[in-house]
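Chains as they are written, first to last, in my numbering: chain A, 829 to 1288; chain B, 829 to 1288.
Hints are supplied without guarantee of correctness; some may be wrong.
Same chains, same label: a pair holds when it works inside one copy or across any pair of copies.
Unchecked claim - With a straight-line Cα cutoff of 30 Å, these simulated DSS-like cross-link-like pairs (lysine-lysine) come out:
id : residue 1 : residue 2
1  : Lys1041   : Lys1220
2  : Lys1220   : Lys1191
3  : Lys1040   : Lys1205
4  : Lys1205   : Lys1044
5  : Lys950    : Lys1011
6  : Lys1205   : Lys1262
7  : Lys1278   : Lys993
8  : Lys1041   : Lys1205
9  : Lys1220   : Lys1040
10 : Lys1220   : Lys1107
11 : Lys1044   : Lys1191
12 : Lys1249   : Lys1205
13 : Lys1188   : Lys1044
14 : Lys855    : Lys1011
15 : Lys1205   : Lys1246
16 : Lys1040   : Lys935
Hint data in this document are derived by calculation from the structure and do not stem from the laboratory.
In this text, all values refer to a predicted model and were calculated from it rather than measured experimentally.
There are 2 protein chains.
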Amino acid sequence: MHRDAMPAPLEPHGGRLVYNVIEDRDKAESAVRGLTKVEIEPTLGPDGAPIRNPYREIMSIAYGFFSPVEGFMTRNEVESILKERRLLSGWLFPFPLVFDVDEERFKSLGVKEGDTVLLTLKGKPLATLKIEEVWKLPDRKEFADAVFGTPDRNREVVKKRFDEKHPGWLIYRSMKPIALAGKITVVNSPRFKDPYGRFWMPPHVSREYVAKKGWKIVVAHQTRNVPHIGHEMLMKRAMFVAGGDRPGDAVLVNAIIGAKRPGDYVDEAILEGHEALNKFGYFHPDRHVVTMTLWDMRYGNPLESLLHGVIRQNLGATHHMFGRDHAATGDYYDPYATQYLWTRGLPSYGINEPPHVTDKGLKIRPVNLGEFAYCPKCGEYTYLGMSYGDYKEVALCGHTPERISGSFLRGVIIEGLKPPKVVMRPEVYDVIVKWWRVYGYPYVTDRYLKIKEQELEVEL
Amino acid sequence: MHRDAMPAPLEPHGGRLVYNVIEDRDKAESAVRGLTKVEIEPTLGPDGAPIRNPYREIMSIAYGFFSPVEGFMTRNEVESILKERRLLSGWLFPFPLVFDVDEERFKSLGVKEGDTVLLTLKGKPLATLKIEEVWKLPDRKEFADAVFGTPDRNREVVKKRFDEKHPGWLIYRSMKPIALAGKITVVNSPRFKDPYGRFWMPPHVSREYVAKKGWKIVVAHQTRNVPHIGHEMLMKRAMFVAGGDRPGDAVLVNAIIGAKRPGDYVDEAILEGHEALNKFGYFHPDRHVVTMTLWDMRYGNPLESLLHGVIRQNLGATHHMFGRDHAATGDYYDPYATQYLWTRGLPSYGINEPPHVTDKGLKIRPVNLGEFAYCPKCGEYTYLGMSYGDYKEVALCGHTPERISGSFLRGVIIEGLKPPKVVMRPEVYDVIVKWWRVYGYPYVTDRYLKIKEQELEVEL
Chain A
829 MHRDAMPAPL EPHGGRLVYN VIEDRDKAES AVRGLTKVEI EPTLGPDGAP IRNPYREIMS
889 IAYGFFSPVE GFMTRNEVES ILKERRLLSG WLFPFPLVFD VDEERFKSLG VKEGDTVLLT
949 LKGKPLATLK IEEVWKLPDR KEFADAVFGT PDRNREVVKK RFDEKHPGWL IYRSMKPIAL
1009 AGKITVVNSP RFKDPYGRFW MPPHVSREYV AKKGWKIVVA HQTRNVPHIG HEMLMKRAMF
1069 VAGGDRPGDA VLVNAIIGAK RPGDYVDEAI LEGHEALNKF GYFHPDRHVV TMTLWDMRYG
1129 NPLESLLHGV IRQNLGATHH MFGRDHAATG DYYDPYATQY LWTRGLPSYG INEPPHVTDK
1189 GLKIRPVNLG EFAYCPKCGE YTYLGMSYGD YKEVALCGHT PERISGSFLR GVIIEGLKPP
1249 KVVMRPEVYD VIVKWWRVYG YPYVTDRYLK IKEQELEVEL
Chain B
829 MHRDAMPAPL EPHGGRLVYN VIEDRDKAES AVRGLTKVEI EPTLGPDGAP IRNPYREIMS
889 IAYGFFSPVE GFMTRNEVES ILKERRLLSG WLFPFPLVFD VDEERFKSLG VKEGDTVLLT
949 LKGKPLATLK IEEVWKLPDR KEFADAVFGT PDRNREVVKK RFDEKHPGWL IYRSMKPIAL
1009 AGKITVVNSP RFKDPYGRFW MPPHVSREYV AKKGWKIVVA HQTRNVPHIG HEMLMKRAMF
1069 VAGGDRPGDA VLVNAIIGAK RPGDYVDEAI LEGHEALNKF GYFHPDRHVV TMTLWDMRYG
1129 NPLESLLHGV IRQNLGATHH MFGRDHAATG DYYDPYATQY LWTRGLPSYG INEPPHVTDK
1189 GLKIRPVNLG EFAYCPKCGE YTYLGMSYGD YKEVALCGHT PERISGSFLR GVIIEGLKPP
1249 KVVMRPEVYD VIVKWWRVYG YPYVTDRYLK IKEQELEVEL
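Build the full structure now, drawing on both the sequences and the hints.
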């Protein structure tokens, strides 16, 4: 294919970019007048810690990150997703999006199908939900299993039964029993707090940015990490791989901002850490941009990669890099489950072809990569290869590179040690220290999650 | 395109691999019985230095490196090449291949069209030539200009008039006036001397090797250099670029062995220097192979790149990397003339589309790259970008990398200094020193060219 045949930005997933935001204040006021208010409540884990706030889904839906999804899903739509990971319109989509409330609260609201309600965040208006259906969630444990898979039913990629230690499974497990389905419209655009504001580039903004830069080949990088040099090299190599007949043009970093696993880096450090890479020249700013998506990560490895494909195609990327243990935690999934999806599909989930090959699939193309590690003999980060199914790669070099795991590195940092220059850029470490000082700890803790739930990323 | 849609090896250029070699000794003897002998003579430069030996073309034709070319060219075929760089069969091919003799010698031979002659090398039988046509070369200066181009006629890529300092132009300029055209058959397979033997993998062998290794994406690397780390990184990056949706599988190094420009590295060091990269683990041997082609390099930049495409497609590669100043010397061509050809064609040479796009063109695909240089801030070889026509790339990083030119490096070495580890692998330097001891100088000199002409790479 000629290299300019499919220049960035690609068309949005489903063909049309959703933008359900009323910006005109008068229009917004008349749209909400007299509506019943429904406060958006966080999902809580068994110990009461906030593990999700649906406001993030509301924002991502309304601003088009999840195009063509326009609202919370009906029972039929959720069933379609659990059967074959497709919306009722046929377009691929991996996760049920559910606005859940408990029974008593639902009764007290006195609303019914056909009504429109005003969703409030900390008491302030955020969005309207036009109730298309009120439905009852099935047993939540079974629901969560159906969302993520089980070792019996999904042998090709699920290695271990999901449980409460898996933050994504726990979100579905902890949902309240009544679902309000229907279209979402933001009626009160929130202002983003520092440092989030400068990374908030919803699809229509991000696509304009890509077009203005003249980028033709844009590789999306999923992150929930402060970048160490292994990540940086992965980005640099993946951008090259995507080119095919020349180096690609740019990396679009998209950080997932929301509730996370304790031990992950804090969101502010993730964003500013990636930003440091272009601020201090490790990427030329004409080849790198850092953006964010509001989403309480589900850690769904191949399924999460499908969501990432949707989001980043909507943001204007042409390619998406997938590495080892993509969006994973623990050893529930095969480390290369995502590569399996993007090269063979996941038949046990009803996905019979790779997402970019199937009808009503994605247009964004995968860049499948294994691990990189520093090889002292080569004096560079070298490729270790990957293997899944009957596909096996040998390493790029014949030496024995030093593998540095993210968890090991987090251990080094918490001991107060500055990682060596070959492991982390000093300017990135400075960002970690900056937010360490703010929160008293460099990583996500229950306390951080509570502060985050209280403060959120926005003001209304 | 699905990544396994065009696995290596691709079909040979023109559809069929040429292998005009009679291996059976009895058959060979009966084929040569009673034939008039024509000794293969080197082309000499104005100072009497050997600048070409047509035996190399004979070998490359008969063993299929130049498939579908089967012999030396007729006048019509040469005219077709000079008009649109195509054989009479329509397949792309860049250079006239001419077996030239002087008039007196031709008269003394007493041969005519329809006869078969036995070409001898240092008096020993090598190949037969079935004379299809005897034709007279035009004015050699005009001929050489027609082969390479002129700034007037080929403005898009030729920047300076060719002259006797250009070794390729000088070859055509120095040809004798009578051309014997016709099919070549090797009747006495030569034995290769050390170290050439282990690098001699003609297309049928190389293609089997690629298939046996299971390589799907094989990137050819053109070389007439002992590799410094810049070259190594170029190879490693280009192999990745070629993958498109994953890293490529292997690099096929193909060294051009023959008369070279004084100051170039000696052939033995080029081959063993590249070999050192896999021998000492900088490339895993399952991702790297070193081979050779006999050819007195024409330094024809975009035209030479077309020949390289032909050779490496025949050898089993799927991609060919092209860097800055590909197969160039001096500043006759634009530094990115080769990239121009592979993205736009060269209309002034009658090539209206890129070689891999045009009908009866190549199947091998380009990987177009600019320069790499070591960036001390990034701690790695970083990409500097390329630009030609209205296409411009920015550098990968925002720092100021240190550019090390090959000529500067050759200057360091001749001063007896071992290049720093970040510039050249110590094991590669050892190879240079080894051959320095043999020839008394690390680079090609007139003396080396004379020894090489005397000894050649083969024994009969």
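A quick look at each hint next to the structure:
1. Lys1041 <-> Lys1220: between (37 Å within a copy, 12 Å between copies)
2. Lys1220 <-> Lys1191: Both ways: Lys1220 and Lys1191 sit 26 Å apart in one copy and 26 Å across, limit 30 Å.
3. Lys1040 <-> Lys1205: between (41 Å within a copy, 29 Å between copies)
4. Lys1205 <-> Lys1044: between (35 Å within a copy, 28 Å between copies)
5. Lys950 <-> Lys1011: Classified as within: same-chain Cα gap 21 Å, cross-chain 87 Å, threshold 30 Å.
6. Lys1205 <-> Lys1262: between (34 Å within a copy, 22 Å between copies)
7. Lys1278 <-> Lys993: within (18 Å within a copy, 75 Å between copies)
8. Lys1041 <-> Lys1205: between (38 Å within a copy, 25 Å between copies)
9. Lys1220 <-> Lys1040: Answer is between: at 15 Å across copies they meet the 30 Å cutoff, but 40 Å inside does not.
10. Lys1220 <-> Lys1107: Between copies only: 22 Å across chains, 38 Å inside a chain, cut-off 30 Å.
11. Lys1044 <-> Lys1191: both (14 Å within a copy, 24 Å between copies)
12. Lys1249 <-> Lys1205: both (17 Å within a copy, 10 Å between copies)
13. Lys1188 <-> Lys1044: both (23 Å within a copy, 29 Å between copies)
14. Lys855 <-> Lys1011: For Lys855 and Lys1011, the Cα distance is within 30 Å only inside one copy (17 Å; across copies 83 Å).
15. Lys1205 <-> Lys1246: both (23 Å within a copy, 17 Å between copies)
16. Lys1040 <-> Lys935: Close neither inside one copy (50 Å) nor across copies (70 Å); limit 30 Å.
Checked against the numbered hints given earlier, the structure breaks only hint 16 and satisfies all the rest.
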